[in-house]
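Add chains B and C to chain A, keeping to what the hints say.
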Amino acid sequence: MEIPNIVGAGLIVIGAAMGIGRIGGSAMEAIGRQPEASGKIQTAMIIAAALIEGIGFAALFAA
Amino acid sequence: MISKFTAFTAFVGLMFFSVPAAAQDHGHEDTHQEEVHHDDAHHEDAHAVEMHAEDAHGAHADHSEAHGHDEFIPASDTEGRKSVVKETVEHHLADSYDFHIVGPVGFPLPIILFDNGLKVFSSAKFHHGESVAEVDGEHYIIHHSKIYKTDAEGTITYDEHHHPTNEKPLDFSITKNVFMIIFMAVFMFFLFRGVAKTYENSLVPSKAGRFLEPLIVFIRDEIAIPNIGEKHYKRYMSFLLTIFFFIWFLNLAGMTPLGVNVTGNIAVTVSLALMTFFITQFSGKKDYWMHIFWMPGVPVLLRPVLAVIELIGLVVKPFSLTIRLYANMLAGHVVIMSILGLIYIFASYVAAVPFMGLTLFLSVLELLVAALQAYIFTMLASLYFGAAVEEHDHH
Amino acid sequence: MDKLINDFSIGLFFWQSLVFIILIFLLRRFAWKPILNAVNEREESIEGALKAAEQARQEMESLQASNEAIMKEAREERERILKEARDMKNSIVAEAKETATAEAEKTVAAAKAAIEAEKAAAVAELKNQAAVLSIEVAEKVLGQELSAENKQAAMISKMIDEVKIN
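Chains as they are written, first to last, in this note's numbering: chain A, 1 to 63; chain B, 1 to 395; chain C, 1 to 166.
Only chain A is shown next, with the shape it has when bound in the complex:
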């Protein structure tokens, strides 16, 4: 049976969204624990999110 590409794309988006959501959530928690390190946490969060996003987009284009 052939699965339409759009399903794969949807799965990718779900995966990437979950990943980025987790990063965001953990970052918020971390900032809550250590507000003084919020700058560093934000930077790390954005980099991690950007990497996941990159993988997500790459997969989307492959799909």
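Bear in mind the hints are in silico, worked out from the structure with no lab data behind them. Just so you know, even glycine gets a beta-carbon here, dropped at the ideal spot from N, CA and C. Don't take every hint at face value.
[Unchecked claim] Heads up, incomplete: computed chain B residues facing chain A, CB under 8 Å, no partners named:
id, residue
1, S320
2, I323
3, M379
4, L383
5, G386
[Said to hold, decoys possible] Pairs of lysine-lysine, DSS-like flavour, derived with a Cα cap of 27 Å:
id, chain 1, residue 1, chain 2, residue 2
6, C, K158, C, K127
7, C, K112, C, K97
8, A, K40, B, K234
9, C, K83, C, K72
10, C, K51, B, K234
11, B, K234, B, K197
12, C, K97, B, K146
13, C, K33, B, K207
14, B, K149, C, K3
15, B, K234, C, K33
16, C, K33, B, K285
17, B, K125, B, K149
18, C, K112, C, K127
19, B, K119, B, K149
20, C, K119, C, K106
21, B, K168, B, K149
22, C, K51, B, K231
23, B, K197, C, K33
24, B, K231, C, K33
25, B, K207, B, K197
26, A, K40, B, K231
27, C, K3, B, K168
28, B, K234, B, K285
29, C, K158, C, K140
[Claimed, not checked] To give an idea of the chain C side of the interface with chain B (calculated C-beta under 7 Å), a few residues:
id, residue
30, L4
31, D7
32, F8
33, G11
34, L12
35, W15
36, F30
37, P34
Chains B and C in isolation, oriented as in the chain A frame:
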């Protein structure tokens, strides 16, 4: 003088006018309304609006041909309207050979082809892509925003994937995107030279410098120094600053009604990412190559495996830089225009109000994304540079 | 992926790379270097000003401290001088008193000695007078009564014993 803060406010302000322009523009399309291939990149948004692409394929082509241009499509003909919306979106994202602003306003741009010698002529010859241009005995036609060689009648032959099989000349035309790139480069040059000049009299910035200097200092203190290090960062500042403002300004320009989609164009992002890649490799120190080919501190047997992984990473980095910027900007434009298109499809005032609100919200979000993507690109570039110049002491 | 490759335009890539590289060099020469230099210079001048202010503050403090030290010294000097003066006055007064006392004592002693001597002389004189007188009295008495020699002598010794001068 362009170097005014008002220029930026103008960018932001113009964004709000971009909304109607995108919706009205369907009347000035080119004639070749072939159905797009359903393996394109907009599955997640443009196609989501549609039914299954396979079923719609035939219907779309029929509608496009039947309805032509200035004809009114009745609101009951949802399929017809969908294809118009889709085509408008595609047209707006694609590069074009003339600078079309709104309605009849616009100007042609020079076309430069290498095809049995250099051929330079105005894109006015194509009459907005509606006719075949004849230059030195050769015929050219624009099909899906690309120039193909053709005969006097403008015939285009297709293969089974619906791709044209006509020969493509080597195309170095000043397209709309190239025009915008040059315009932005000139704009940035005068803007930042103006800022630099204000420092000649006093060390306190004035005019646009008051707005731009904190950003410059931010890139230096928050991006370059932490990632590259106090010792080496100075060499990369020019590149990082230029790339940050270039991407950011072009992203913002993409939010204007001019419909320029420079940073959402793969050729542009590939170029930016490749430059980052080459700078990284050329500034790679012994430690950097050591970490790629012969990772210290792991068992010898594992080292070749890690080398392979590192080499893949080497290629993936510029690739992800390319795709991230491209896809983010493209997706943003597609989403905004598709939602606007929904107003046209539903053809009702009830639908118009919430969709306008949603578009406004997404546009503001896109403004954030415009800055965020520029920041991320700069950030990752400096991260890669930092890895290249880093000196480890654990050997 | 197909779409990406299809979208890729060599011309756009070429122009983008060319314009961007030119832009980097132009901006580097005309914008980034002057701007970053100016920012650096300003930061350094601010830092320098802050340092100078700090230094001035410290100098001020040390100056104040030294002022205080001088004042304290002056006060001590004054105290010392006053004390010395007081001491000198006291010693002079004491000395004068001592001298006066000694002088007075000497005078008194001399006076006492003179009185003693006068008194001794007067007593001796008195004794002699009394003896002469007694002899004269006795001579007269005895001349009349006693003629015998032995009786006279007994009588004299008996009378001398009786006369007791304290």
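Now for the hints, and whether the structure bears them out:
no. : hint            : result
1   : S320            : 3 Å, holds
2   : I323            : 5 Å, holds
3   : M379            : 7 Å, holds
4   : L383            : 7 Å, holds
5   : G386            : 12 Å, violated
6   : K158/C / K127/C : 17 Å, holds
7   : K112/C / K97/C  : 22 Å, holds
8   : K40/A / K234/B  : 22 Å, holds
9   : K83/C / K72/C   : 16 Å, holds
10  : K51/C / K234/B  : 26 Å, holds
11  : K234/B / K197/B : 21 Å, holds
12  : K97/C / K146/B  : 132 Å, violated
13  : K33/C / K207/B  : 19 Å, holds
14  : K149/B / K3/C   : 21 Å, holds
15  : K234/B / K33/C  : 10 Å, holds
16  : K33/C / K285/B  : 25 Å, holds
17  : K125/B / K149/B : 14 Å, holds
18  : K112/C / K127/C : 22 Å, holds
19  : K119/B / K149/B : 13 Å, holds
20  : K119/C / K106/C : 20 Å, holds
21  : K168/B / K149/B : 6 Å, holds
22  : K51/C / K231/B  : 24 Å, holds
23  : K197/B / K33/C  : 11 Å, holds
24  : K231/B / K33/C  : 17 Å, holds
25  : K207/B / K197/B : 11 Å, holds
26  : K40/A / K231/B  : 20 Å, holds
27  : K3/C / K168/B   : 17 Å, holds
28  : K234/B / K285/B : 16 Å, holds
29  : K158/C / K140/C : 16 Å, holds
30  : L4              : 5 Å, holds
31  : D7              : 5 Å, holds
32  : F8              : 5 Å, holds
33  : G11             : 4 Å, holds
34  : L12             : 4 Å, holds
35  : W15             : 4 Å, holds
36  : F30             : 5 Å, holds
37  : P34             : 4 Å, holds
Checked against the numbered hints above, the structure breaks hints 5 and 12 and satisfies the rest.
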